[in-house]
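In order, the protein sequence lines correspond to chains A and B. If you're matching positions, the first sequence starts at 14 in the numbering used here and goes up one per residue. If you're matching positions, the second sequence starts at -12 in the numbering used here and goes up one per residue.
One thing to keep in mind: the hints can contain errors.
In silico negatives: residues of chain A with every beta carbon more than 12 angstroms from chain B [what the hints assert, rightly or not]:
#1 Ser21
#2 Leu23
#3 Ala101
#4 Leu137
#5 Glu143
#6 Phe172
#7 Ala209
#8 Ile225
#9 Ala231
#10 Ala233
A few chain B residues that face chain A, going by a derived Cβ cut-off under 7 angstroms, partial list only [to be verified]:
#11 Lys(-6)
#12 Met(-2)
#13 Leu1
#14 Thr12
#15 Leu23
#16 Phe26
#17 Leu88
#18 Val96
#19 Ala114
#20 Glu118
#21 Tyr120
#22 Ala126
#23 Ala145
#24 Ala146
If you are wondering where the hints come from, they were derived from the structure by calculation, not from laboratory data. Virtual Cβ for every residue (Gly too), placed ideally from N, Cα, C.
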Amino acid sequence: MPWLWGLSALVLAVGIPWALVASPPDWQQGETVRIMYVHVPMAWLAMAGYASLAVASATALIWRHPLADLFARELSPVGAAVTALCLATGSLWGRPMWGTWWVWDARLTSVLVLFFLWVGHAALVRAFDEDERGARAGAILALIGAVNLPVVKFSVDFFNTLHQPASVARLGAPGLHVDLLYPLLACALGFTLLFASLVLGRTRAAVMEKRIRQLQLAQARRRDSEAA
Amino acid sequence: MSLSSRKRRRMWMLLLGGLGIGSATALAMTAFQDNLVFFLAPSEIAARHPGPERAFRLGGLVEAGSVQKSVSPEGRPEARFVVTDGPAQVPVVYVGVLPDLFREGQGVVTMGKLGADGTFRASEVLARHDETYMPPEVADALKRTGHWEPEKGAPPPAASWNTLNPKAETTGG
Chain A
14 MPWLWGLSAL VLAVGIPWAL VASPPDWQQG ETVRIMYVHV PMAWLAMAGY
64 ASLAVASATA LIWRHPLADL FARELSPVGA AVTALCLATG SLWGRPMWGT
114 WWVWDARLTS VLVLFFLWVG HAALVRAFDE DERGARAGAI LALIGAVNLP
164 VVKFSVDFFN TLHQPASVAR LGAPGLHVDL LYPLLACALG FTLLFASLVL
214 GRTRAAVMEK RIRQLQLAQA RRRDSEAA
Chain B
-12 MSLSSRKRRR MWMLLLGGLG IGSATALAMT AFQDNLVFFL APSEIAARHP
38 GPERAFRLGG LVEAGSVQKS VSPEGRPEAR FVVTDGPAQV PVVYVGVLPD
88 LFREGQGVVT MGKLGADGTF RASEVLARHD ETYMPPEVAD ALKRTGHWEP
138 EKGAPPPAAS WNTLNPKAET TGG
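With the hints as constraints, model all of the structure from the sequences given.
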């Protein structure tokens, strides 16, 4: 899907310079606020990506659709990567702003659990000789892990945490000035398109790989029967 | 779309399983809500009175006008300030480097022990950031017009400033 890659490149070519150069600093964080333009999209993608993993897993378990299994298998390494980026950028921001790289509060801990779920899914679906059994086990893990999504989302409201509550997705007006909000939305859209391009590209490659393997298998079988 | 009975059974199994796991998690979270606290507010200390030997985190706002900075006998920076949550106040003493965001009116979370004299001896001070982000010009405009004193606490509701354009305001009037 070259058009999807092109669109992501276009949106990111606008969003990243806007966020990193053209937008104003924060009144008390200074230039450090720019970490947010990567951190927040990665956090959104970690959650939205996991939601789509859960939908794909339910589809695979109920309708036994092979494409849903392939999609889930190709999705989880990318999901693990964005969650790792979310944790890493958050840590880099936390050191100068909070005064610590890491704390075990409810938000940070639940996102770390989300990261382990992504990595665990990626490992589990590849751990079986039979692809189908791995996909089944992975789908069950993904659905059980989905209970963590509301925990991540509401941890900052339900528990007292060091992490601040949501600024964009909250009741009332966003807590960001529009000069910071619009570049953030542009980056979020750009990274989401890039994420979709990566996952769909990987899924397509996996479908072709499977088809080639089937063709090779059929060819070998034919050669065997001709020899016999 | 009609579902075959096997597919329908699988769907019901997933729904029931999800319902079971979901309610178990919700119950566990509600049970943990009081225990899984990252910090105690000053008014909660009176109710829970943690002993002088127990280390815990104290969280709240740095009271306006309470910060005194000096140098400890060992030559390290020392800060004295008061943490408040409105109804209650706790004086804090801390030796060490404060984070960049530390200021009066800012949320902080401090780790330490409560002394017999009622002073909290902090071994670590973390600054809390709130959910508002604004350019320096907007913050200055709010302070200049008297809509916000950062030392006294959180900024006014976001709807009143998140589309504010201070440059247009100063050139226009």
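Identify whether the interface hint at Ala126 (chain B) stands, where standing means a beta carbon of chain A within less than 7 angstroms of its own.
With a closest approach of 4 angstroms, the Ala126 (chain B) hint holds.
Restraint outcome when Tyr120 (chain B) is required to lie within 7 angstroms of chain A by C-beta distance
holds, 5 angstroms
A closest beta-carbon separation below 7 angstroms is what the hint needs, so does Ala146 (chain B) meet it against chain A?
holds, 4 angstroms
Return the status of the interface hint for Ala114 (chain B): holds when the least beta-carbon distance to chain A is below 7 angstroms, violated otherwise.
Holds: closest Cβ of chain A sits about 6 angstroms from Ala114 (chain B), inside 7 angstroms.
Distance rule for Ala209 (chain A), whose beta carbon must clear each one in chain B by more than 12 angstroms
At roughly 26 angstroms from the nearest Cβ of chain B, Ala209 (chain A) sits farther out than 12 angstroms, so the non-interface label holds.
Would you say Ser21 (chain A) is clear of chain B, with no C-beta pair closer than or equal to 12 angstroms?
holds, 25 angstroms
Non-interface label on Phe172 (chain A), tested against every C-beta of chain B at 12 angstroms
violated, 6 angstroms
Hold the hint about Lys(-6) (chain B) up to the distance rule: shortest CB distance to chain A must be less than 7 angstroms.
holds, 6 angstroms
Let's test the interface hint: is any C-beta of chain A closer than 7 angstroms to that of Phe26 (chain B)?
holds, 6 angstroms
Status of the hint placing Leu23 (chain B) at chain A (closest C-beta pair under 7 angstroms)
Interface hint status for Leu23 (chain B): holds (6 angstroms vs cutoff 7 angstroms).
Quick one: work out the minimum CB distance from Glu143 (chain A) to chain B and report holds if it exceeds 12 angstroms, violated otherwise.
At roughly 20 angstroms from the nearest Cβ of chain B, Glu143 (chain A) sits farther out than 12 angstroms, so the non-interface label holds.
Less than 7 angstroms between beta-carbons is the criterion; does Ala145 (chain B) satisfy it with respect to chain A?
holds, 4 angstroms
The structure does not agree with numbered hint 6 stated previously, though it agrees with all others.
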